[in-house]
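K.L.:
Residue numbers (this note's numbering), protein chains in the order written: chain A, 42 to 333; chain B, 1245 to 1443; chain C, 1245 to 1443.
Incorrect hints may appear among the rest.
Said to hold, decoys possible - BS3-like, lysine-lysine: derived pairs with alpha carbons at most 25 Å apart: (1) C:K1384 x A:K231; (2) A:K231 x B:K1398; (3) A:K332 x A:K311; (4) C:K1398 x C:K1384; (5) C:K1280 x B:K1398.
The set of hints was computed from the structure by calculation and includes no laboratory data.
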Amino acid sequence: MSNGGKNEGSNSQPEQAEMPFAIVQGAPLTELPRDLYIPPEALEIFLEAFEGPLDLLLYLIRRQNLDILDIPIVEITRQYMGYVDMMTSLLEQRGEAVEGLSPVVHAHRFELAAEYLVMAAMLAEIKSRMLLPRVAATDEADEDPRAELVRRLQEYERYKQAAQDLDSLPRMGRDRYAVHVDAPDARPLKRHPEVSLEDLSLAFSRALARAEQLAHHHVQLEPLSVRERMARVLEALRQDHFLEFSSLFSPDEGRRGVVVSFLALLELLKESLVELVQAQPFGPIHIKVPKT
Amino acid sequence: MSQNEIRNIIEVALLAAEAPLNVERLQTLFAKGDLKPDTQAIRAALAALQEASAERGVELVEVASGFRYQVRAEYAPWVGRLWAERPARYSQALLETLSLIAYRQPVTRGEIEDIRGVSVSSSIVRTLMEREWIRVLGHKEVPGRPALYGTTRKFLDDFGLQRLEQLPALADVRDLDALHADLFSEQERALANAQKEAE
Amino acid sequence: MSQNEIRNIIEVALLAAEAPLNVERLQTLFAKGDLKPDTQAIRAALAALQEASAERGVELVEVASGFRYQVRAEYAPWVGRLWAERPARYSQALLETLSLIAYRQPVTRGEIEDIRGVSVSSSIVRTLMEREWIRVLGHKEVPGRPALYGTTRKFLDDFGLQRLEQLPALADVRDLDALHADLFSEQERALANAQKEAE
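Looking at chain A on its own, in the form it has when it is part of the complex:
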């Protein structure tokens, strides 16, 4: 990019380039880095402005016409080591709260600075390998040392662009707003758990199994038809308090029905749930709820 055209790549250029970068010691800092060397007083700000060494390198390549071979690698490395020392002593001296930043934040800065350092080291390696004469026989293994860096830069640039594209999509809460209408009269519908017949009989068998484990227990069970009839008689008594004995038996139920009704009545009597009353010999028999 030897012509360094102004419009070129302006999309991928950090916004910060057009305005004062930061105020450092009272003076606006508008100068962007010309190489990988970052003035120590602006270190934090640079670390914020760029998303890392790849981002900075991309910027330098696109905007500053960076010539890698012109970078004084030795000097930069020395300076980076200086930052590392400085930050370490800062952390040690000031302990927990440094300008409102937690030690964690400082540790993060430290980590970032280290990442720039790794980049500097990588560039130094590339440069040294380029300068050394190649051994002819090892063509394949001895790949162009720049290739890996170029590949990484390209890959990073794609996602840097994707991030901007993503940010320009209309977003809920920023460009689009949800609408909402209250329903003051609505109550959440109460849904009941489903129970299958199988669940029910399983629960029953479990209850019975447990009852039998209690040795003293002797669970006696009448057929369901009898229990049902017992329930029906009680239900009828609840309404009328007084039932005629013959009303329990309905001819159209057949013999089986009569037997069931009779057994139910016997069971009710046995459990003292009903009383039989006969006012006079051979008079009508009545069923009623016992008085206590």
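With chain A held as given, fit chains B and C onto it using these hints.
P.N.:
Only chains B and C this time, still in chain A's reference frame:
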């Protein structure tokens, strides 16, 4: 700015706002450059919006702090279904209690507790009552007059049964061979014989 | 149940719901007794509602998890005035991380860091999780079992998308030669040529 636009802006503002908006607040949405509508114009727009939703499920109402859209009362049940709570599962204790009421009705809480060997919590009974699966058939005439529980028609309906006898036979419920004597009373055998004769 | 009623019910449900509703969910609002409309009837009602709001400030759109009413883009500026606070702006670091997760899912934090050349702070991951834009899809079976991240349905909803494929196309690898040329000077190339000749 057209009347239609003023109306649309007021509508979306009311729909997007978290709380009711009054006329003054609605007016602030219009910058001076927009040919700020006066309160009369805002009121006219509100009236037009009210009319426009006459046939819809939402209505524009005025409450203490301003105007708001809300779901008409007639449509509340559908919204309630939207918020339907995920049903919790019933506890084993509840299912056992229900099965004992079904198979042993009429039965008191004490009798259920006797069989289960643990107490039956009131909340279980309440839940089963609320579900309309059980009902009180009467009271046992013993001290304390405990309620006698039985199952309901709804219980049968919900379990796809026509009669209680269609509940799985005890034979299916568990391995009966060893326990046969315990499970079937003399009465049952008598019933079985009677049935045989009838056939 | 008339078509108009079905339409009104769907409209209030969409307006009262906190999140988009899909056709199946809308169908569940109608109990069996209501002569449950089929999916076609629901879709027809949605189309009618879409048409009915053509002239209004709200629009009915379909996003990943279903249909929702939202303020039409043209009316967003007025609605924005309702809130004093500006909507959140996200850092480049967060957006880069999010786009890497969106385009490369399932992806580990380490893989994101490899591409970005810097570590991904935990607070970014936490923010994205809190927004419910990303989720853990599983764990990569390598030492340390790092979490594999992917985007959520809500991510698509919030960015107005129905499917991941609707994301802007990822740019092709850019002008490799140009980048290469920028990176390395003429001087360097001369050196490389000299080497080649020497070989």
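K.L.:
Evaluate each hint against the coordinates.
P.N.:
We went through each hint and held it up to the structure:
no.: 1; hint: C:K1384 x A:K231; in the structure: violated (41 Å)
no.: 2; hint: A:K231 x B:K1398; in the structure: holds (17 Å)
no.: 3; hint: A:K332 x A:K311; in the structure: holds (15 Å)
no.: 4; hint: C:K1398 x C:K1384; in the structure: holds (24 Å)
no.: 5; hint: C:K1280 x B:K1398; in the structure: holds (23 Å)
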